[in-house]
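Produce the entire structure from the sequences given, and follow the hints as far as they go.
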Amino acid sequence: MRMKTEKRPAPIGYANAGGLRNLPRNLAVDLRRNAGLYLIMLPILLWFLVFCYAPMFGLGMAFERFTPGKGFFASPWVGLQNFRNFFESIYFLRLIRNTLVLGLLDLAIGFPAPILLALMLNELRSKAFKRTVQTISYLPYFISTVILCGLIVLFVQSGGAISNLLVGFTGGKSVNLLGNGDSFRLVFVLSGVWQFVGYGSIIFMAALSAIDHEQYEAAVIDGAGRWKQLLHVTLPGIMPTVIVLLILKMSSLLSVASDKILLLYSPAIYEKADVIGTYVYRVGIINMDYGYSAAVGLFNSVVATILLLSSNAISRRFSESSLF
Amino acid sequence: MDRNHRVFRGFSNAVLALVSLAALLPFWLLISASLTEETTAVKQGFRFLPQVFSTEAYRFMASSWVLFGRAYLISIIVTTLGIAIGIAVTLPLGYVIAREGLPGRKVLTFLIIFTMMFNGGLVATYLMYTVTFHIKDTLWALIVPNMVTNAFFVIMIKNYFQYSIPKELFEATRIDGASEFAMFTRIAAPLAKPIAATLALMTGVSYWNDWMNGLYYLDNQKLYGIQNLLNAIATSTRYLAQGAGVGVRLPTETVRMAAAVIAVLPIMIAYPFFQEYFVRGITMGGVKE
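Here the protein sequences line up with chains A and B, keeping their order. Residues -17 to 306 (the numbering used here) make up the first sequence, in order. Residues 912 to 1200 (the numbering used here) make up the second sequence, in order.
Think of the hints as simulated: they come from the structure by calculation, not from any bench. Everything hinted at is true.
For the chain B half of the interface with chain A, some residues (derived, Cβ under 8 Å), not all of them: (1) 933; (2) 957; (3) 1032; (4) 1038; (5) 1095; (6) 1120; (7) 1142; (8) 1194.
Below, a list of computed lysine to any residue pairs in the SDA-like style, where the Cα atoms sit at most 25 Å apart: (9) B/954 to B/1160; (10) A/210 to B/918; (11) A/242 to A/181; (12) B/1133 to A/127; (13) A/210 to A/193; (14) A/52 to A/267; (15) B/1017 to A/13; (16) A/254 to A/91; (17) B/1047 to A/270; (18) B/1047 to A/264; (19) B/1017 to A/222; (20) A/155 to A/247; (21) A/231 to B/1025; (22) B/1017 to A/289; (23) A/52 to B/1044; (24) B/1017 to B/1077; (25) A/242 to B/1041; (26) B/1017 to A/18.
Given the structure is predicted, the values throughout are model-derived calculations rather than measurements. Backbone N, C-alpha and C define an ideal beta-carbon position, used for all residues, glycine too.
Structure below.
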């Protein structure tokens, strides 16, 4: 077996070993051998460099009093002034609080919901019912944010179906649920669950179907009923997937769907509905305060990256699953 | 004996039925609303069955067809171009970084995944597009910014080439003396048709549904796609008046609903056919290296 692989010409990769000493020679061989591959990729790599990495350097404007007229290189350097202004403004705590509240609410409700849905679907005996529920529950994912928000307004404005339904429980008058900061938060998070629960369950369904059937058979021989099987075979079976997705979710804790908030909030509830993303849009794009809003955005990105790296590290420490 | 499980199953069935109902009802109300007579709608709100049936909203849209037709056409053009460019960009990239043994492959993969986690943020990106590339108020504004955000697609394609196509195939072709370019166009690309379909659909949906780029980069409302048009008529009551003749009654409320129905229609119609491709794509993108 070994002999056979050695006889084959090495498909790609370095021709000669020899470490750093041989690097120039190896590089030359590699470029000659794989020139085609690199050529195919080159335009796209350039694309990524220009459109993804160039703006990262543009983040330097967070340390400048940036004006487009002077441009990136000539605008005066102000150090951490933009950051200081942000940390000292009333917006700092408010935005962090609002972003975290929405992010955590979504984590608490929006993360387990697709898992539960997948587990329930998995227990269904009737294939037809299962397929129908799946098809229907994925549907909301595919509608646009604009239409979603139109629907939300339709349901929760005063006189809307959900507002009226609430009156049935709590009494009082049918009110616009988006007019109040607290109910806005609930509407925002629950509508997110409505949109993503089905779509989110797909990945867990895949994990469920990947569980080895012999494990179930072994459990049956050991006398486990369906409930015990669920607890001791199914749940451990999907745990790696759950953990990886939890890491992803944790890392996006700060990136709440600000485009949805832009469509739903109003100045009256900024105090509870304004988040970093919407603030950056208002200050950066509308008011054109570029340096300052870049600083706010950079702060957000850095915290998000720290969140991702630390949740990944924690997960790697306590379980075998991690993203990288 | 297994009472817990029976309870769980009964509970599941009820919940699943409710979930399905909840997923469908909003669409039902939307359609019903679009077919309600305007004055009744304004006075009594929308019901799940129109109190007074009327096709006025649709007739109004037909009469100001320039406004709606233009936006629709722009959405179609942008979506088509977006799909074409998306495939042309993502397929080769995924192919290359799927080739085991290629020096620098890990670095390249990292460079791409890194863009999923960290980016220049709204302001730096916005300035680059508007100041350096001048895409403000051009159709490119609706196409270009969407193309780079999807490292997920690259990983999906990479996984497909890596796990679903036998490596021996490439090796054999290489020994036969095919160039890399020929290998990609004659072998890899045709074999990737199923995942390319998935990619096309995912890209298509995201282009069709996009409204943020229109918000950021378009001041000229004539370039609005269907989503931005919807947003415009939802936020400004005067917006509709520009397409209508003088003295024509504006069924503002119901037209909003009817326009949303028209915007969501292509997806609703195509959805049953493309659903499976989506499921495959998500499963593929989720495979770990």
